[in-house]
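Student: Residue strings, one per chain:
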Amino acid sequence: MTQRLADSHAAIGRLLEAAKALPKPVAFMEICGTHTVAAFRCGLHSLMPANVKLVSGPGCPVCVTSQGDIDMLIELAQRPGVTLCTYGDMLRVTGAKGSLEEARGGGADVRVIYCSLDAVKLAAAEPKRNVVFAAVGFETTTPATAVAVMEAERLGLTNFTALVSHKRILPAMRALLDSMQVNVDGFMCPGHVSAITGYATFATIVRRYKLPCVVAGFEDVQIASALAKLVELARDRKAALENLYPQVVSRWGNRRAQNLMRRVFRPVDARWRGLGMIPDSGLAFRSRFSRFDTQSRYKITPIDSPEPPGCRCGDVITARCTPAECKLFAVVCTPVRPIGPCMVSSEGTCQAWFKYKRLGKSIAASEDAVAKPSQEARL
Amino acid sequence: MSNAMQERPGTPPSAYHIDKSRHIILAHGGGGQLTDELIAHTLLPRLGNELLGELLDSSIVPGSAGRIALTIDSYVVRPLSFPGGDIGRLAVSGTVNDLAVCGAEPMGLALSLILAEGLERKVLESFIDSVKATADEAGVKVITGDTKVVGRGQADGVYITTAGVGSVNGKTRLHPDQIRPGDVVIVSGSIADHGLAVMLAREMPEVQSVLWSDVAPLNRMIARLLEKVNGVVFMRDPTRGGLACVVADIATRTGLHVVLEESRILVRPETQHAADMLGLDPLEVANEGKVVVVTRPEAAEAAIAALKEDEHGQDARIIGHIEPERDGLCELHTVIGGRRILQKPYGEQLPRIC
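So the sequence lines, in the order shown, correspond to chains A and B.
Using my numbering, the letters of the first sequence map in sequence onto residues 244 to 622.
Using my numbering, the letters of the second sequence map in sequence onto residues 43 to 396.
Everything labelled a hint here was simulated from the structure, so no lab data went into it.
Hints may contain errors.
Unchecked claim - Once the Cα atoms are required to be at most 20 Å apart in a straight line, the calculated SDA-like pairs of lysine to any residue come out as:
1) B:Lys164 - B:Pro125
2) A:Lys364 - B:Glu248
3) B:Lys174 - B:Leu86
4) A:Lys600 - B:Asp291
5) B:Lys386 - A:Lys453
6) A:Lys600 - B:His299
7) A:Lys364 - B:Pro247
8) A:Lys481 - A:Arg506
9) B:Lys213 - B:Pro125
10) A:Lys600 - B:Gly370
11) A:Lys600 - B:Arg368
12) A:Lys364 - B:Arg244
13) A:Lys600 - B:Val309
14) A:Lys600 - B:Pro387
15) B:Lys386 - A:Pro578
16) A:Lys600 - B:Asp323
17) A:Lys600 - B:Tyr388
18) B:Lys386 - A:Thr577
19) B:Lys386 - A:Ala573
20) A:Lys453 - A:Asp250
21) B:Lys386 - A:Arg580
What the hints assert, rightly or not - The following residues of chain A were derived to be distant from chain B, with all beta-carbon distances above 10 Å:
22) Glu260
23) Asn294
24) Asp314
25) Asp421
26) Ala443
27) Ala483
28) Gln490
29) Ala500
30) Arg514
31) Gln538
32) Asp547
33) Ser548
To be verified - What the simulated footprint calls covered on chain B by chain A, stretch by stretch (three residues with Cβ under 8 Å from a Cβ of chain A suffice, anywhere in the stretch; the number is not a length):
34) 155-162
35) 170-176
Quick caveat: nothing in here was measured; it's all calculated off a predicted structure.
Glycine included, C-beta positions come from ideal geometry on N, C-alpha and C.
The shape of chain A in the complex, shown without the other chains (with noise of 0.2 Å):
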């Protein structure tokens, strides 16, 4: 505890001495929601000085899943005969009918699981059941998925499909830089998706853009210190990719991951929840796994609804607005009765605004919590 207390603080002296000698105001962008709610959990944002900001970026996955996308899933739970496997945090997401949670509730048969193998072993355990597995995430979950999809293969499975959205994360951040002009100084960027697709994915950024990137774990410290290097970075106004996560993070990740990932699909253009299309952005089966389609076994297609009115989750997604800017936050767009997805999912941006700074007291404790950021407890 002493050593991890002595490391964060000498990572904030480095983000507070380095940002000293700023030439302008900074953004980062994080672009994953573990890191968005790790950085309010440990309160990194009262700390930060004022010319330097952390702005989240579409990193979580619940968050970017297309509202067609979440109504197939409802009226696929709906039909009879079928049991829809998903990740918990998909349950509260709301498509135009509605969440799968109230689908569960009106008796379709919806379950939660941890791992996408479960779903697998539900279909062979269940044969007359058709299993539909919701198949969410970005390269992170994306290995597990074409695990699943061999391994119904291996089992000679006719009662197992996936539907779907995984997303791949550079092309949106591509996007984001093209034609979203989103103005951002750097980037951190995602330990888990860079464990799998190695660090060296994010020097494309660097090099075209000119844009610092570094690699952030997820600790309190991690976080800090990934934040600090950013800082100093365009202080130096260098352009580099960093590596703050060796310990699992290295240069071309995991490629029995990758190689799973591609012999199952093949990235295809993909509807981003408050983004739009992006080119290359999602996955899709190759021919050889057709069968496991969702879409084509069950010849469904998304019908894309318009976003609920008045919500503003894909500026805030973007760095265009913050959470509090948005009209509905924290007036009708709660946790409990959530309006846009970032509200959904526990590592959605507005959530997190909502839980850790919405009232205000840890924004306007920031400047002293900067003048003594090694605040001694009263105690």
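For this one, chain A is given, so just place chain B on it according to the hints.
Tutor: The following block gives chain B in isolation, referenced to the frame of chain A:
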């Protein structure tokens, strides 16, 4: 059956000699001979005492005419057994602790069992043994009870509802309205062990977990604390919703500002890892063997010392204090020196994806 029929009227059910079926069947809840048999062979030998053995519709407890505390809680934990405890231990500890944190000395428990048809009798027996062992640990008796059986699939194994009655010492008044600025917030040990042990056992049974639930009756520890220390003003056991729920509630109910120091809160490394894996905040996870105590500042050291005298209070520590600002908020000073608001969690915790 025939043996039973020959018994004289009024013979206590322990005299019935019906073959014990290996599973609970619906007729065990029918109120007839088979119910008597279940009581006689499974419940009374384990829980029996002079009051319960009377088998009256109510038990009459001797007591002074002082203040009485009454509480009730239902236990529906899944899995029924988990590392560190089971539903029986939980059903006694939870209710005993609810009495104890209000300053009440437990006088007796009422146990209502809802059993699902098909439950193995030896499984039920192990839970009742556990009820007995935990009640002994707490020095309290089960003095009345009820048993019902529901059809297969209508319930999940066993549900237990435990009511408890306790007597409150004449001078004790533990209430949020006693809390003043300057008061100190203490917790009796590490947090989140119970909730994560149960969650891992339920959701990832294949994971060999080293987590251990803290479920335990705390009434002896709390009685010693109240006896030795003047200046305890409020207590609550941080069960569902965890520590966050209790401190946020203190802030809301007093309208004062509560400050917690994250670096002082003990989360075991293995518990922290499990929480990280499931994307949960240990501050919001349930405990079943911990108590949050608010004391006057001058009483804090004595309170810690009194808690440490008990095996369940070895890691007791000060984690925060009450400030005069009237905003009804709880603020967490994080390990790295940041600040954030601590709120009540919303409901069922959903593990995250990546």
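Student: Next pair to validate is Lys481 of chain A with Arg506 of chain A; report whether the Cα-Cα distance is within 20 Å.
Tutor: 37 Å, violated
Student: Is it correct that the beta-carbon of Asp547 of chain A has no partner in chain B closer than or equal to 10 Å?
Tutor: 23 Å, holds
Student: Are all beta-carbon distances from Ser548 of chain A to chain B longer than 10 Å?
Tutor: 23 Å, holds
Student: Below or equal to 20 Å on CA atoms is what counts here, so check Lys600 of chain A against Asp323 of chain B.
Tutor: At roughly 16 Å apart (the allowed maximum being 20 Å), Asp323 of chain B and Lys600 of chain A satisfy the hint.
Student: Are three or more residues of the segment 170-176 of chain B within 8 Å, CB to CB, of chain A?
Tutor: Per the Cβ count (0), the hint is violated.
Student: Against chain B, does Ala500 of chain A keep a CB gap of more than 10 Å to every residue?
Tutor: 13 Å, holds
Student: Verify that the Cβ of Gln538 of chain A lies farther than 10 Å from every Cβ atom of chain B, and report whether the claim holds or is violated.
Tutor: Per Cβ check, Gln538 of chain A is outside 10 Å of chain B; nearest 21 Å; holds.
Student: Starting from Lys600 of chain A, check that the Cα of Gly370 of chain B is at most 20 Å away, please.
Tutor: Since the Cα atoms of Lys600 of chain A and Gly370 of chain B sit roughly 15 Å apart, the hinted pair holds (cutoff 20 Å).
Student: Compare the distance between the alpha carbons of Lys364 of chain A and Pro247 of chain B with 20 Å, and conclude whether the hinted pair is satisfied.
Tutor: Within the cut-off at roughly 14 Å; holds.
Student: Within a Cα-Cα threshold of 20 Å, do Lys600 of chain A and His299 of chain B meet the stated pairing?
Tutor: It holds: about 16 Å lies between the C-alpha atoms, which stays within 20 Å.
Student: Taking the shortest Cβ-to-Cβ distance between Arg514 of chain A and chain B, state whether it exceeds 10 Å.
Tutor: Given a closest Cβ separation of 19 Å, the condition holds.
Student: At 10 Å, judged by beta carbons, does Ala483 of chain A keep clear of chain B as stated?
Tutor: Answer for Ala483 of chain A: holds, closest chain B Cβ roughly 24 Å.
Taken one by one, the earlier hints fail for this structure at numbers 5, 8, 9, 13, 20, 34 and 35, listed in ascending order.
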